[in-house]
Structure formats: C-alpha cells, structure tokens
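*Asks:* Construct the entire structure; sequences and hints are all you get.
Protein chains in written order, with numbering that gives the first Met the number 0: chain A, 0 to 78; chain B, 0 to 250; chain C, 0 to 375.
In case anyone wonders, no lab produced these hints; they're calculated from the structure. Because the structure is a prediction, the values reported are computed rather than measured. C-beta: ideal position from N, C-alpha, C; glycine also. Some hints could be false.
Here are some, though not all, of the chain C residues that point toward chain B, as calculated from beta-carbon distances under 10 Å [claimed, not checked]:
1) Ile237
2) Val275
3) Asp276
4) Ala277
5) Leu280
6) Trp303
7) Gly305
Have a look at the derived ranges for each label pair, beta carbon to beta carbon [stated by the list, open to error]:
8) B:Gly97 to C:Asp181: 46 to 54 Å
9) C:Asp245 to A:Asp77: 53 to 61 Å
10) B:Arg115 to C:Asp175: 48 to 56 Å
11) C:Gln228 to B:Arg113: 35 to 43 Å
12) A:Arg61 to B:Gly225: 20 to 28 Å
13) B:Gly234 to C:Leu178: 52 to 60 Å
14) C:Trp75 to B:Ala200: 26 to 34 Å
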Amino acid sequence: MRITVDGRALEVPPGTLVAAAVEIAAPGRGARASPDGLRRQPLCGMGVCGECRVAIDGHAHRLGCQSLCAPGMEIRTDE
Amino acid sequence: MNEPDNPSELHACVVVIGAGPGGLAAAVAASAAGIDVLLLDASPLAGGQIWRARQGVAAEPVARALARLASTGVRVLAGTRVVMALPDRTLLIDGPQGARRLRWDRLILATGARERLLPFPGWTLPGVFGAGGLQALVKGGWPIRGRRVVVAGTGPLLLAAAATLRREGAQVVGLVEEARGDALARFAGTLAAHPRKALQALRLGVSLLGVPFIRGSRVVAAEGAGRVERVLLQGEGGRGRTIDCDALAAG
Amino acid sequence: MSRSVDVAIVGGGIVGCACARAASRAGLRVALFDAQRIGAGATAAAMGHLVTIDDDPAEFALARLSMRLWREWRGWHAIERRATGTLWLAETPAQRDAAHAKLARLQRAGLQAEWLEPAALHAAEPRLARDLAGALRVAGDEVAYGPEMAARLAADVRAAGGRVEEMRPVAALREDGLLLADGSRVRAGHVLLAAGCDSVRLWPGESPLALRPRKGQLAITDRYPGYVQHALVELGYIDAAHGDADESVAFNAQPRASGQVLLGSTRSYRDTSADVDAALLARMVRRAQRFLPDIGRLQMLRCWAGFRPATPDGRPLIGRIPASDRGNQWVATGHEGLGLTTAAGTASVWLDLLLGRPPAIDPAPYSPERFVEVAA
Numbered sequence: 000m001r002i003t004v005d006g007r008a009l010e011v012p013p014g015t016l017v018a019a020a021v022e023i024a025a026p027g028r029g030a031r032a033s034p035d036g037l038r039r040q041p042l043c044g045m046g047v048c049g050e051c052r053v054a055i056d057g058h059a060h061r062l063g064c065q066s067l068c069a070p071g072m073e074i075r076t077d078e
Numbered sequence: 000m001n002e003p004d005n006p007s008e009l010h011a012c013v014v015v016i017g018a019g020p021g022g023l024a025a026a027v028a029a030s031a032a033g034i035d036v037l038l039l040d041a042s043p044l045a046g047g048q049i050w051r052a053r054q055g056v057a058a059e060p061v062a063r064a065l066a067r068l069a070s071t072g073v074r075v076l077a078g079t080r081v082v083m084a085l086p087d088r089t090l091l092i093d094g095p096q097g098a099r100r101l102r103w104d105r106l107i108l109a110t111g112a113r114e115r116l117l118p119f120p121g122w123t124l125p126g127v128f129g130a131g132g133l134q135a136l137v138k139g140g141w142p143i144r145g146r147r148v149v150v151a152g153t154g155p156l157l158l159a160a161a162a163t164l165r166r167e168g169a170q171v172v173g174l175v176e177e178a179r180g181d182a183l184a185r186f187a188g189t190l191a192a193h194p195r196k197a198l199q200a201l202r203l204g205v206s207l208l209g210v211p212f213i214r215g216s217r218v219v220a221a222e223g224a225g226r227v228e229r230v231l232l233q234g235e236g237g238r239g240r241t242i243d244c245d246a247l248a249a250g
Numbered sequence: 000m001s002r003s004v005d006v007a008i009v010g011g012g013i014v015g016c017a018c019a020r021a022a023s024r025a026g027l028r029v030a031l032f033d034a035q036r037i038g039a040g041a042t043a044a045a046m047g048h049l050v051t052i053d054d055d056p057a058e059f060a061l062a063r064l065s066m067r068l069w070r071e072w073r074g075w076h077a078i079e080r081r082a083t084g085t086l087w088l089a090e091t092p093a094q095r096d097a098a099h100a101k102l103a104r105l106q107r108a109g110l111q112a113e114w115l116e117p118a119a120l121h122a123a124e125p126r127l128a129r130d131l132a133g134a135l136r137v138a139g140d141e142v143a144y145g146p147e148m149a150a151r152l153a154a155d156v157r158a159a160g161g162r163v164e165e166m167r168p169v170a171a172l173r174e175d176g177l178l179l180a181d182g183s184r185v186r187a188g189h190v191l192l193a194a195g196c197d198s199v200r201l202w203p204g205e206s207p208l209a210l211r212p213r214k215g216q217l218a219i220t221d222r223y224p225g226y227v228q229h230a231l232v233e234l235g236y237i238d239a240a241h242g243d244a245d246e247s248v249a250f251n252a253q254p255r256a257s258g259q260v261l262l263g264s265t266r267s268y269r270d271t272s273a274d275v276d277a278a279l280l281a282r283m284v285r286r287a288q289r290f291l292p293d294i295g296r297l298q299m300l301r302c303w304a305g306f307r308p309a310t311p312d313g314r315p316l317i318g319r320i321p322a323s324d325r326g327n328q329w330v331a332t333g334h335e336g337l338g339l340t341t342a343a344g345t346a347s348v349w350l351d352l353l354l355g356r357p358p359a360i361d362p363a364p365y366s367p368e369r370f371v372e373v374a375a
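*Replies:* Shown next, in the form of structure tokens:
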C-alpha cells in the first residue's frame, strides 16, 4: 500500500507498523529528537516508551509501534 | 473489530483488558459459559507480546481464539486504551471510535508484563532496543535483514528473540547471557522434568547454531556516533570485550 | 540528640525553604525538617505561576515585594523559568470594565500592563476563542518550576552552614524546639511552622488553626511547542480563588519549557482524597475548551491533585503563634494558590518580625492574631 512519510511516498506491505515504515523511509533516523536534538528510535516496541511517537493524518503524538499503516496514511516525524 | 456506531456508554458483564494469551483465554472461557464479554487491547492486533502477529498475520493460537470469540459474539475493541478508572465500576476508554465510558460487572486485568532493562551508558542511542521490543518491531516489518545484532540479557526470551531475528535475516553477532555457566546448567537440569519444554529448548538451540554464545557477561555500554555502533561487555573477573553491531536487543 | 540551633523550621516546601534561606543568610543557625522530600507537597503540585495578583491590597503588597526579591535572587541558573507574562481573559463587558480598573491599579503600582482588544489578543494568542472581550496583559509575570526553586533554596541553606533534613517528620512543637517523630528532640531558640496543610496537626494551643486543605487538580499535555505563549487565566479565576465555594473550576493554562501545556484549575473543599476526581477534571477541561476550543485534540499525559493550605480570608498567616507563651513560636503558611509567588516576600516579612525589625510592608494583614476569638 502507498503511504507518505514526511511528504515522501513509500510502498509498504500490509501488516507494517507505522514505526517500521518510519525506519524504512529513513533508516537509522528515528521518529523523534530529544530536547537537545539527539535522535531517538523506539526502545520497547509495545507502547510504553513513547519514542515512536509520530503525527498520523494530522494527529500528533500517536504511538507508531501501536499503529498499523493504512492506504493513504500521512505520517510526519519530528523533523 | 465488530463495533457498531458509537454510543458514548458501553456495558459488558465481563470486561477483559488485554488480548494476549491470558486475556484471550479468559475471554474464550467466559464466553463459552454464555457470559457477555468485551475484550479490549491497546494494540491494533491481538496476541500480546508472545503471540505477536507477523506482518499482520495472526499467530495460530490467536487466530483460533479470535474465531471462537467471533462465534460467541464477543465484542473485541482493538487499538483501544484504558485512560482512567472512573467511579461505579466504569472505565474511560479511548480508541478509533473516540472516548467512551465502559461499565463492567466483573473486570479481568490481563495486561501482562513490560520489558524493563537497567539503563547503561548509551542506552538511548538509536539502535538500542529491548529484546522483546526489537522482536515485536521486526514482526511488524522493521527492516533487520543483513543487520548485525547483539542480543543480550538473561533468560529464555533471549533465545526466542535471537531465533526470530535470525529467521528474519539478521546477523546475530553475539548472544550474551548474563548468567554464568553453573546457573545455566542448573536451569538445563530442570528442563528434564518438562519434556515439551526440553524439546522446545533443543529446537531453539539448533536454530541458533553458529551464533557466538557468551556466558556470564553483560552489557556495560553502547557506543556510537548518533546510533549504536558497538557494545561493551564485561564478563566474569572483569574481562571486557567489544562487539561491533548495528543494533542491540537488550532484555 | 541535636545541638542547639537558632531556628528550627518545620516544612521544606517553597515557603519553609525561603524562610530557612533568609534566616541562614542573616547569620542564624538554621535546621529545617521535612516529613518527605524538599518541595514534594503543594510546591510540587502547583502550576509555578509567579503572578502579581492585585485584587486584595495585602496580597498585592506581598506579591510585589516577593517578585522584587525573586528577581534579585541569584539562584535561578538551570531552573525552569520563563517570562511569559500573563493574559487575564475577559469574557463579558463587565469583566472588561473590571479589567480596566485592574489595569489602572497595576500601572499605578509601576507594573508594565496593557489592555489588548480582541484583534490584538488574537494576534498574541491565535489559539484562543475569537469571541472574548479582550485581555489584560501583565508583562512581568513568570512561569517557573517550584520544586527546583525549593531545592536550590535548600542548597543555599546548606551552603550557609544550615541543616536541611528530609524524611524527618515532626511530632510536635515545644517551647524549646521540636520533638521529632522518631523521639529525638531538636533544641532551638525559635521554631517556625511552615508545613502547609500539615500545620493544623502541629498547631499549638487550644484554638485550632484556621486552615483548610483546598484540593486542586491539574493536567499536563504532551509537547506542543508554541501552542500558547503566555500564562492564560480567566478573570473569573480571582472570584474562584477568593470565593468560598465548595467546588469550582477556573481556566488557567501555561506553556512549559518542554512545550507541554499545563492546564488548570479546580478548587474543592469537599474532597480530601489524593485521587483525581474525574468529573471535576472533565469540568475543568470543558471550561478550558471555552477559551482554547481545540484543546481537546491535545494528548493529555498526566493529571494529578494537590492541596492548597487555605485560610478563611485568603491571606497567609505570617507571624508569632498566639499560643506561644515565650513568643518564640512562629508560623508562615496558608498561602492558598500564591505560595510560589509570595514565598520570598513571606520570608522577608517573617525574618524582620523575628529579628524585631520593621518589615518592608505592613505585617498586620497576615497576623495570626486576627483569627483568635476574643474572650467575652
């Protein structure tokens, strides 16, 4: 299915987590940065650590590891 | 998911929070007895951590349980979190259909466990994950093929995580078990009393042939410029060792 | 068994710590005791709004003195503190008129304040509802983090040779010092009761301390940098704070340095449990929606409750404890929602009274004597 991550189009298979799509779009970069600008990637994979937070279809602070990609989804990371 | 339009208040005789193995079993048992059950989970897919769906495809036991629940009319709310406990046996829940109140007569908490690791220098670097955490992400499509992974920590979960990662194409460059040799031998001894577990252990062992296995060691630091590039281990007698890697799965 | 000190202070919140610092810097030997951690009570539950509130002349005087002293304090480094200013929001023409009276008072007192018409208000805070009557902007107000302030004050006390002891509950005030809960005694020339709501338990003498815990609830969101710039307070907040209603809500929001939005406020005398009352929280959020219509879209991370020490007339008690025969027992508490703002001023007034000097402002409005019933 086609989704966009930070404005760029991406094809991902069904069953892909939003957190995984972020990694596919920009390997190693992570969805977030710390207050002092250090990049962050998910730690726990189960919705606890919050490091996978992204904006999904305009809703900020959604947990990427608890969200499945859907066709046409727009994902925005902490750029 | 089989919810109709959004009444702002729901009710069920039995509410089960958590659709992992425990929650699924509870929901199946209660519904088989003819009780009105509602099952909810924060994750979009049932199965919890142990029975994680792989690329959206439910694990066998999960598919079986969900089929049983569908046939007995159990309501399943996926992607739905409990926000607060309200007075008078009511929960405030929030999911794809918005926030709602859920009244219950009996409440079953099947929320399972969370992975906890003792922080070490560099634990916030991109590429450092919980062992179960990376396994879960990989099952959700996180690219790991060809990447060098160190799996470290203690206990049987480590082996399962390493096996999954290997199966998905990761290069497991180290399996670092904190327990020393004698403790491991004792644990292996207990398996003799549990043939199925022993067989499971044997299969795991076979699937991990060729992976460097380091006993009696733990991670003391992760290092790298902007992401993890190597991990520092400390073993028995203070012996240190460094393993270059692209990811660390620490449990 | 401790050696003797000049002043033993009960309570390590913002007020107790400010008083301890003032005393130790004046050369007195100070020992401060808190049952928990420094700044862990009302200080930690608070919004951290340093706000020159002017509706009660006595409060206004104390707040102005205190804000001057906070600005002079050299302990601010690495403490969260932002000069956001406050916008007092007017909903109705009546409130607009009241705001203009307030503006005049503030300007006469030398504060930088101005009135914003709706268009200017919208430019200053685009997220606000478009149908407000305007706002009074007070430029000098700040948003800070109380527990860090209290910790720094405690560090100042130690640097001046004083003692600050956490996890040391006090059982009673004595004529010659304190009796701690563990049975040990602290000998002190003077004692100061600055224990917030717990002051009631320790109050010496026959007549009880006129202090009630006034429960408040707050909620904080995830990070939304730039969502609001100022501390936003509805003018109705003043009525709620000064009023005696059993339960009330009043809109209050502020940006934190992290980009999180801190949302308040509620007042309740009826509930003494530390749990968040969901129904009252919902009322608070609905009230916030009147002023920030899209606040419902923000993710709330956490909500909590705390207790303000409240007196019948809304003013703190600062001065000698009436039941003290020797005149060496003092009290500094009852600051309701203004503890952080007025702690520095409180310390100044109290220290002057202790040392027999005329305080910088008239201390009579805060005198504990005002609640003593005169025998017929």
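*Asks:* A separate judgement is required for each hint: does it hold in the structure or not?
*Replies:* Structure-based check of each hint:
no. : hint                             : result
1   : Ile237                           : violated (30 Å)
2   : Val275                           : holds (8 Å)
3   : Asp276                           : holds (9 Å)
4   : Ala277                           : holds (5 Å)
5   : Leu280                           : holds (9 Å)
6   : Trp303                           : violated (12 Å)
7   : Gly305                           : violated (18 Å)
8   : B:Gly97 to C:Asp181: 46 to 54 Å  : holds (53 Å)
9   : C:Asp245 to A:Asp77: 53 to 61 Å  : violated (44 Å)
10  : B:Arg115 to C:Asp175: 48 to 56 Å : holds (50 Å)
11  : C:Gln228 to B:Arg113: 35 to 43 Å : holds (37 Å)
12  : A:Arg61 to B:Gly225: 20 to 28 Å  : holds (25 Å)
13  : B:Gly234 to C:Leu178: 52 to 60 Å : holds (54 Å)
14  : C:Trp75 to B:Ala200: 26 to 34 Å  : violated (59 Å)
Violation of the numbered hints given earlier is confined to hints 1, 6, 7, 9 and 14; the remaining hints are satisfied by the structure.
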